[in-house]
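Novice: Whenever a hint applies, use it, and build me the whole structure from the sequences.
Each number in the numbering used here corresponds to the 1-based position in the sequence shown with 1 added.
Certain hints may be false.
As the list claims (entries may be wrong) - The calculated lysine-lysine pairs, modelled on PhoX-like cross-linking and capped at a C-alpha distance of 25 Å, are: (1) K342 x K214; (2) K202 x K347; (3) K274 x K290; (4) K134 x K347; (5) K342 x K134; (6) K347 x K111; (7) K132 x K122; (8) K99 x K336; (9) K336 x K210; (10) K214 x K236; (11) K132 x K182; (12) K85 x K99; (13) K122 x K152.
What the hints contain is simulated information worked out from the structure, not anything from laboratory work.
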Amino acid sequence: MLANVNSARKILYPFSFVYGLITNIRNRAFDLGLLRSESFDFPVISVGNLSVGGTGKSPMIEYLIRLFQPSYQVAVLSRGYGRKTKGFLLASENSSAKELGDEPLQFYRKFKDVIVAVDEKRVNGLEQLQKLKPELNVVLLDDAFQHRYVKAGYNVLLTAYDKLYTDDLLLPAGDLRESRKGADRADVIIISKCPSDLDKKEQLEIVKKIRPKPNQNVFFSCIQYDSYVFGREGKIPTDELSSWNVLMVTGIADTEPMEEFLTSLQINFQQLKFSDHQFIGNRELEKIKKSFSLIDGEKKLILTTEKDYVRSFLHTTLPVFYLPIKTEILDNSEKFNDLIKNYVRKN
2 MLANVNSARK ILYPFSFVYG LITNIRNRAF DLGLLRSESF DFPVISVGNL
52 SVGGTGKSPM IEYLIRLFQP SYQVAVLSRG YGRKTKGFLL ASENSSAKEL
102 GDEPLQFYRK FKDVIVAVDE KRVNGLEQLQ KLKPELNVVL LDDAFQHRYV
152 KAGYNVLLTA YDKLYTDDLL LPAGDLRESR KGADRADVII ISKCPSDLDK
202 KEQLEIVKKI RPKPNQNVFF SCIQYDSYVF GREGKIPTDE LSSWNVLMVT
252 GIADTEPMEE FLTSLQINFQ QLKFSDHQFI GNRELEKIKK SFSLIDGEKK
302 LILTTEKDYV RSFLHTTLPV FYLPIKTEIL DNSEKFNDLI KNYVRKN
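Specialist: If you want it as C-alpha coordinates, here you go:
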(Lines of atoms letter the chains of each structure in order from A; the text may use other names.)
(Lines give C-alpha, C1' and ligand atoms only; values in the text may rest on other atoms or scores of the structure.)
Protein backbone atom coordinates (compact mmCIF):
# COMPACT_ATOMS: atom_id res chain seq x y z
CA MET A 2 0.00 0.00 0.00
CA LEU A 3 1.25 3.48 -0.84
CA ALA A 4 1.80 5.25 2.47
CA ASN A 5 0.99 8.78 1.33
CA VAL A 6 -2.18 8.18 -0.65
CA ASN A 7 -5.50 9.17 0.88
CA SER A 8 -7.62 6.02 0.83
CA ALA A 9 -10.76 8.03 0.03
CA ARG A 10 -9.13 9.31 -3.16
CA LYS A 11 -8.22 5.85 -4.44
CA ILE A 12 -11.68 5.55 -6.00
CA LEU A 13 -10.44 8.20 -8.45
CA TYR A 14 -7.72 5.89 -9.76
CA PRO A 15 -9.45 5.33 -13.16
CA PHE A 16 -9.22 9.08 -13.74
CA SER A 17 -5.55 8.95 -12.75
CA PHE A 18 -5.01 6.36 -15.48
CA VAL A 19 -6.47 8.74 -18.08
CA TYR A 20 -4.47 11.67 -16.67
CA GLY A 21 -1.30 9.57 -16.77
CA LEU A 22 -1.92 8.57 -20.36
CA ILE A 23 -2.26 12.23 -21.40
CA THR A 24 0.89 13.36 -19.54
CA ASN A 25 2.89 10.40 -20.85
CA ILE A 26 1.90 11.22 -24.45
CA ARG A 27 2.92 14.84 -23.87
CA ASN A 28 6.29 13.89 -22.40
CA ARG A 29 6.89 11.40 -25.18
CA ALA A 30 6.18 14.11 -27.75
CA PHE A 31 8.89 16.29 -26.17
CA ASP A 32 11.31 13.34 -25.98
CA LEU A 33 10.83 12.63 -29.70
CA GLY A 34 11.05 16.28 -30.70
CA LEU A 35 7.43 16.44 -31.85
CA LEU A 36 7.00 19.25 -29.34
CA ARG A 37 9.94 21.63 -29.24
CA SER A 38 12.03 22.46 -26.18
CA GLU A 39 13.91 25.75 -26.45
CA SER A 40 17.51 25.95 -25.22
CA PHE A 41 19.32 29.15 -24.26
CA ASP A 42 22.96 30.21 -24.43
CA PHE A 43 23.20 31.11 -20.75
CA PRO A 44 22.80 28.95 -17.62
CA VAL A 45 19.19 28.09 -16.82
CA ILE A 46 18.48 26.12 -13.64
CA SER A 47 15.01 24.70 -13.06
CA VAL A 48 13.72 24.00 -9.54
CA GLY A 49 10.55 21.95 -9.33
CA ASN A 50 8.82 18.79 -8.20
CA LEU A 51 6.58 15.98 -9.43
CA SER A 52 3.76 16.68 -7.00
CA VAL A 53 1.37 19.45 -6.12
CA GLY A 54 1.77 20.96 -2.68
CA GLY A 55 4.73 22.24 -0.72
CA THR A 56 8.12 20.62 -1.18
CA GLY A 57 10.22 23.68 -0.36
CA LYS A 58 10.79 25.17 -3.82
CA SER A 59 10.91 28.78 -2.61
CA PRO A 60 13.55 28.15 0.10
CA MET A 61 15.61 26.25 -2.50
CA ILE A 62 15.40 29.17 -4.93
CA GLU A 63 16.60 31.43 -2.13
CA TYR A 64 19.42 28.99 -1.34
CA LEU A 65 20.59 29.22 -4.96
CA ILE A 66 20.29 33.01 -4.96
CA ARG A 67 22.60 33.17 -1.94
CA LEU A 68 24.97 30.73 -3.62
CA PHE A 69 25.32 32.74 -6.85
CA GLN A 70 24.61 36.33 -5.85
CA PRO A 71 28.16 37.25 -4.72
CA SER A 72 29.66 36.37 -8.12
CA TYR A 73 26.89 36.47 -10.72
CA GLN A 74 23.99 38.59 -11.89
CA VAL A 75 21.03 36.38 -11.04
CA ALA A 76 17.44 36.45 -12.28
CA VAL A 77 14.42 34.48 -11.08
CA LEU A 78 11.65 33.71 -13.54
CA SER A 79 8.32 32.43 -12.24
CA ARG A 80 4.88 32.01 -13.73
CA GLY A 81 3.57 34.05 -10.80
CA TYR A 82 1.03 31.59 -9.46
CA GLY A 83 -2.17 33.28 -8.24
CA ARG A 84 -1.42 36.71 -9.74
CA LYS A 85 -4.18 38.77 -11.32
CA THR A 86 -2.11 39.79 -14.36
CA LYS A 87 -0.95 38.09 -17.55
CA GLY A 88 2.19 38.10 -19.66
CA PHE A 89 5.73 39.23 -18.90
CA LEU A 90 6.33 41.57 -15.95
CA LEU A 91 9.50 42.74 -14.23
CA ALA A 92 9.29 43.27 -10.48
CA SER A 93 9.70 46.85 -9.28
CA GLU A 94 9.34 48.86 -6.10
CA ASN A 95 5.67 49.42 -6.90
CA SER A 96 4.85 45.77 -7.57
CA SER A 97 2.24 43.96 -5.50
CA ALA A 98 1.53 40.30 -4.84
CA LYS A 99 -1.59 40.56 -6.99
CA GLU A 100 0.57 41.68 -9.92
CA LEU A 101 3.49 39.24 -9.44
CA GLY A 102 2.30 36.47 -7.14
CA ASP A 103 3.48 36.09 -3.56
CA GLU A 104 6.70 34.13 -4.09
CA PRO A 105 8.20 36.40 -6.80
CA LEU A 106 7.42 39.45 -4.66
CA GLN A 107 9.10 37.78 -1.70
CA PHE A 108 12.24 37.15 -3.77
CA TYR A 109 12.29 40.75 -4.98
CA ARG A 110 11.83 42.28 -1.53
CA LYS A 111 14.42 39.99 0.03
CA PHE A 112 17.18 40.19 -2.59
CA LYS A 113 17.42 43.70 -3.99
CA ASP A 114 20.22 42.91 -6.47
CA VAL A 115 18.32 40.02 -8.06
CA ILE A 116 16.17 40.53 -11.14
CA VAL A 117 12.71 39.00 -10.69
CA ALA A 118 10.25 38.47 -13.53
CA VAL A 119 7.04 36.57 -14.15
CA ASP A 120 5.62 35.06 -17.31
CA GLU A 121 3.34 32.06 -17.71
CA LYS A 122 5.14 31.41 -21.02
CA ARG A 123 8.66 30.70 -19.79
CA VAL A 124 10.26 30.77 -23.26
CA ASN A 125 8.98 34.29 -23.81
CA GLY A 126 10.04 35.24 -20.30
CA LEU A 127 13.61 34.08 -20.91
CA GLU A 128 13.73 35.84 -24.28
CA GLN A 129 12.54 39.08 -22.66
CA LEU A 130 15.09 38.78 -19.87
CA GLN A 131 17.86 38.17 -22.38
CA LYS A 132 16.82 41.27 -24.33
CA LEU A 133 16.19 43.60 -21.39
CA LYS A 134 18.97 42.36 -19.08
CA PRO A 135 21.93 41.29 -21.26
CA GLU A 136 24.20 41.40 -18.21
CA LEU A 137 22.49 38.27 -16.82
CA ASN A 138 24.71 35.30 -15.89
CA VAL A 139 22.20 32.76 -14.59
CA VAL A 140 18.40 32.37 -14.50
CA LEU A 141 16.56 30.34 -11.89
CA LEU A 142 13.24 28.91 -13.08
CA ASP A 143 10.78 28.57 -10.22
CA ASP A 144 8.41 25.59 -10.41
CA ALA A 145 9.21 24.73 -14.01
CA PHE A 146 9.96 20.99 -13.98
CA GLN A 147 6.85 20.23 -16.07
CA HIS A 148 7.31 23.28 -18.30
CA ARG A 149 9.17 21.40 -21.02
CA TYR A 150 8.97 24.10 -23.66
CA VAL A 151 12.16 25.31 -21.97
CA LYS A 152 15.08 22.90 -21.94
CA ALA A 153 16.81 23.90 -18.73
CA GLY A 154 20.52 23.24 -18.54
CA TYR A 155 20.22 21.86 -15.02
CA ASN A 156 17.19 20.37 -13.27
CA VAL A 157 16.79 20.28 -9.47
CA LEU A 158 13.93 18.02 -8.39
CA LEU A 159 12.50 18.23 -4.86
CA THR A 160 10.50 15.56 -3.06
CA ALA A 161 9.40 15.86 0.56
CA TYR A 162 10.77 13.43 3.14
CA ASP A 163 7.30 12.57 4.42
CA LYS A 164 5.76 12.35 0.94
CA LEU A 165 8.21 10.84 -1.51
CA TYR A 166 7.04 10.66 -5.12
CA THR A 167 7.66 6.91 -4.97
CA ASP A 168 4.84 6.67 -2.39
CA ASP A 169 2.33 8.66 -4.41
CA LEU A 170 -0.14 8.26 -7.27
CA LEU A 171 -1.05 10.49 -10.18
CA LEU A 172 -3.73 13.12 -9.86
CA PRO A 173 -6.55 12.98 -8.89
CA ALA A 174 -6.09 9.79 -6.81
CA GLY A 175 -2.75 11.11 -5.58
CA ASP A 176 -0.76 14.33 -5.89
CA LEU A 177 1.65 13.59 -8.76
CA ARG A 178 1.56 15.97 -11.72
CA GLU A 179 3.22 13.34 -13.92
CA SER A 180 4.45 9.78 -13.54
CA ARG A 181 7.42 8.90 -11.35
CA LYS A 182 9.41 8.30 -14.52
CA GLY A 183 9.57 12.08 -14.89
CA ALA A 184 12.25 12.05 -12.19
CA ASP A 185 14.64 10.66 -14.83
CA ARG A 186 14.99 14.21 -16.21
CA ALA A 187 16.50 15.51 -12.97
CA ASP A 188 20.22 16.15 -12.55
CA VAL A 189 19.87 16.41 -8.77
CA ILE A 190 17.17 14.96 -6.52
CA ILE A 191 16.74 16.61 -3.12
CA ILE A 192 14.81 14.95 -0.33
CA SER A 193 13.45 18.08 1.35
CA LYS A 194 12.00 18.82 4.79
CA CYS A 195 14.02 16.08 6.46
CA PRO A 196 14.66 15.92 10.21
CA SER A 197 17.93 17.74 10.88
CA ASP A 198 19.30 14.62 12.58
CA LEU A 199 18.39 12.18 9.80
CA ASP A 200 20.88 9.30 10.09
CA LYS A 201 22.93 7.73 7.31
CA LYS A 202 21.08 4.42 7.49
CA GLU A 203 17.72 6.00 6.72
CA GLN A 204 19.29 8.15 4.00
CA LEU A 205 20.55 5.00 2.28
CA GLU A 206 17.13 3.37 2.58
CA ILE A 207 15.50 6.36 0.90
CA VAL A 208 18.08 6.39 -1.90
CA LYS A 209 17.38 2.69 -2.54
CA LYS A 210 13.68 3.46 -2.60
CA ILE A 211 13.87 6.20 -5.23
CA ARG A 212 16.51 4.34 -7.30
CA PRO A 213 18.33 7.28 -8.90
CA LYS A 214 19.98 6.94 -12.29
CA PRO A 215 23.80 6.60 -12.37
CA ASN A 216 24.13 10.23 -13.51
CA GLN A 217 21.90 11.58 -10.73
CA ASN A 218 23.03 12.85 -7.34
CA VAL A 219 20.77 12.65 -4.29
CA PHE A 220 20.96 15.10 -1.39
CA PHE A 221 18.98 15.61 1.78
CA SER A 222 17.84 18.97 3.14
CA CYS A 223 16.01 20.35 6.13
CA ILE A 224 14.15 23.56 6.90
CA GLN A 225 16.02 25.92 9.21
CA TYR A 226 13.87 28.47 11.02
CA ASP A 227 15.16 31.93 11.82
CA SER A 228 15.91 32.83 15.43
CA TYR A 229 13.67 35.92 15.13
CA VAL A 230 10.19 36.75 13.90
CA PHE A 231 9.79 40.06 12.07
CA GLY A 232 7.00 42.60 11.71
CA ARG A 233 6.26 46.28 11.33
CA GLU A 234 6.88 46.71 15.04
CA GLY A 235 10.38 45.21 14.94
CA LYS A 236 11.58 41.71 15.72
CA ILE A 237 11.19 39.23 18.57
CA PRO A 238 13.53 36.32 19.38
CA THR A 239 11.73 33.03 18.78
CA ASP A 240 12.90 31.71 22.15
CA GLU A 241 10.86 34.52 23.79
CA LEU A 242 7.60 33.61 22.03
CA SER A 243 6.72 31.10 24.75
CA SER A 244 5.61 34.09 26.84
CA TRP A 245 3.21 35.25 24.11
CA ASN A 246 -0.22 34.01 23.05
CA VAL A 247 -0.02 33.40 19.31
CA LEU A 248 -2.54 33.12 16.52
CA MET A 249 -0.88 31.24 13.66
CA VAL A 250 -2.42 32.32 10.33
CA THR A 251 -1.34 30.48 7.18
CA GLY A 252 -2.23 30.13 3.53
CA ILE A 253 0.31 27.48 2.51
CA ALA A 254 0.05 23.84 1.44
CA ASP A 255 1.95 22.27 4.33
CA THR A 256 1.77 23.80 7.81
CA GLU A 257 3.03 20.78 9.77
CA PRO A 258 6.73 21.78 9.93
CA MET A 259 5.86 25.21 11.32
CA GLU A 260 3.43 23.67 13.82
CA GLU A 261 6.13 21.26 15.00
CA PHE A 262 8.64 24.10 15.35
CA LEU A 263 6.29 26.20 17.49
CA THR A 264 5.43 23.16 19.59
CA SER A 265 9.13 22.41 20.13
CA LEU A 266 9.52 25.92 21.59
CA GLN A 267 6.52 25.35 23.89
CA ILE A 268 4.69 28.25 22.28
CA ASN A 269 1.00 28.54 23.08
CA PHE A 270 -0.67 28.98 19.69
CA GLN A 271 -4.03 28.67 18.03
CA GLN A 272 -4.33 28.17 14.31
CA LEU A 273 -6.33 29.65 11.44
CA LYS A 274 -5.75 28.03 8.05
CA PHE A 275 -6.62 29.34 4.61
CA SER A 276 -6.10 27.65 1.26
CA ASP A 277 -2.69 27.71 -0.43
CA HIS A 278 -1.81 31.13 -1.96
CA GLN A 279 -5.11 32.67 -0.81
CA PHE A 280 -5.26 36.45 -0.74
CA ILE A 281 -6.70 37.90 2.46
CA GLY A 282 -9.72 40.00 1.57
CA ASN A 283 -12.19 41.78 3.83
CA ARG A 284 -14.07 38.60 4.73
CA GLU A 285 -10.89 36.71 5.65
CA LEU A 286 -9.57 39.74 7.54
CA GLU A 287 -12.71 39.92 9.65
CA LYS A 288 -12.33 36.24 10.46
CA ILE A 289 -8.71 36.85 11.55
CA LYS A 290 -9.70 39.83 13.70
CA LYS A 291 -12.46 37.85 15.38
CA SER A 292 -10.15 34.90 16.12
CA PHE A 293 -7.46 37.24 17.41
CA SER A 294 -9.89 39.07 19.70
CA LEU A 295 -10.83 35.76 21.35
CA ILE A 296 -7.23 35.08 22.42
CA ASP A 297 -6.65 35.87 26.07
CA GLY A 298 -4.05 38.23 27.44
CA GLU A 299 -2.48 41.51 26.41
CA LYS A 300 0.77 39.95 25.18
CA LYS A 301 -0.44 38.41 21.96
CA LEU A 302 0.47 38.49 18.27
CA ILE A 303 -0.37 37.01 14.88
CA LEU A 304 2.32 34.81 13.37
CA THR A 305 2.47 33.86 9.70
CA THR A 306 4.89 32.69 7.03
CA GLU A 307 7.03 35.12 5.07
CA LYS A 308 5.10 34.27 1.91
CA ASP A 309 1.76 34.96 3.59
CA TYR A 310 3.09 38.20 5.07
CA VAL A 311 4.20 39.49 1.66
CA ARG A 312 0.95 38.45 0.04
CA SER A 313 -1.52 39.79 2.58
CA PHE A 314 -0.08 41.70 5.53
CA LEU A 315 2.42 44.28 4.26
CA HIS A 316 0.08 47.16 5.05
CA THR A 317 -1.91 45.81 7.97
CA THR A 318 -2.20 47.59 11.30
CA LEU A 319 -2.57 44.28 13.12
CA PRO A 320 0.44 42.98 15.11
CA VAL A 321 1.49 40.48 12.43
CA PHE A 322 4.94 38.91 12.44
CA TYR A 323 6.47 36.41 10.03
CA LEU A 324 8.91 33.56 10.58
CA PRO A 325 11.59 33.28 7.85
CA ILE A 326 12.96 29.89 6.82
CA LYS A 327 16.03 28.65 4.97
CA THR A 328 16.97 25.42 3.26
CA GLU A 329 20.01 23.65 4.69
CA ILE A 330 21.71 20.81 2.83
CA LEU A 331 22.59 17.96 5.18
CA ASP A 332 26.11 16.48 5.18
CA ASN A 333 27.26 17.17 1.59
CA SER A 334 26.50 20.85 1.01
CA GLU A 335 29.93 21.49 -0.53
CA LYS A 336 29.41 18.76 -3.12
CA PHE A 337 25.96 20.10 -3.98
CA ASN A 338 27.27 23.66 -4.26
CA ASP A 339 30.17 22.55 -6.47
CA LEU A 340 27.89 20.62 -8.83
CA ILE A 341 25.67 23.64 -9.40
CA LYS A 342 28.57 26.09 -9.62
CA ASN A 343 30.45 23.89 -12.08
CA TYR A 344 27.43 23.80 -14.39
CA VAL A 345 27.25 27.59 -14.36
CA ARG A 346 31.04 28.02 -14.89
CA LYS A 347 30.98 25.71 -17.92
CA ASN A 348 28.08 27.57 -19.48
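Novice: Please flag the earlier hints that this structure goes against, numbers listed from lowest up.
Specialist: 2, 6, 8, 10 and 11
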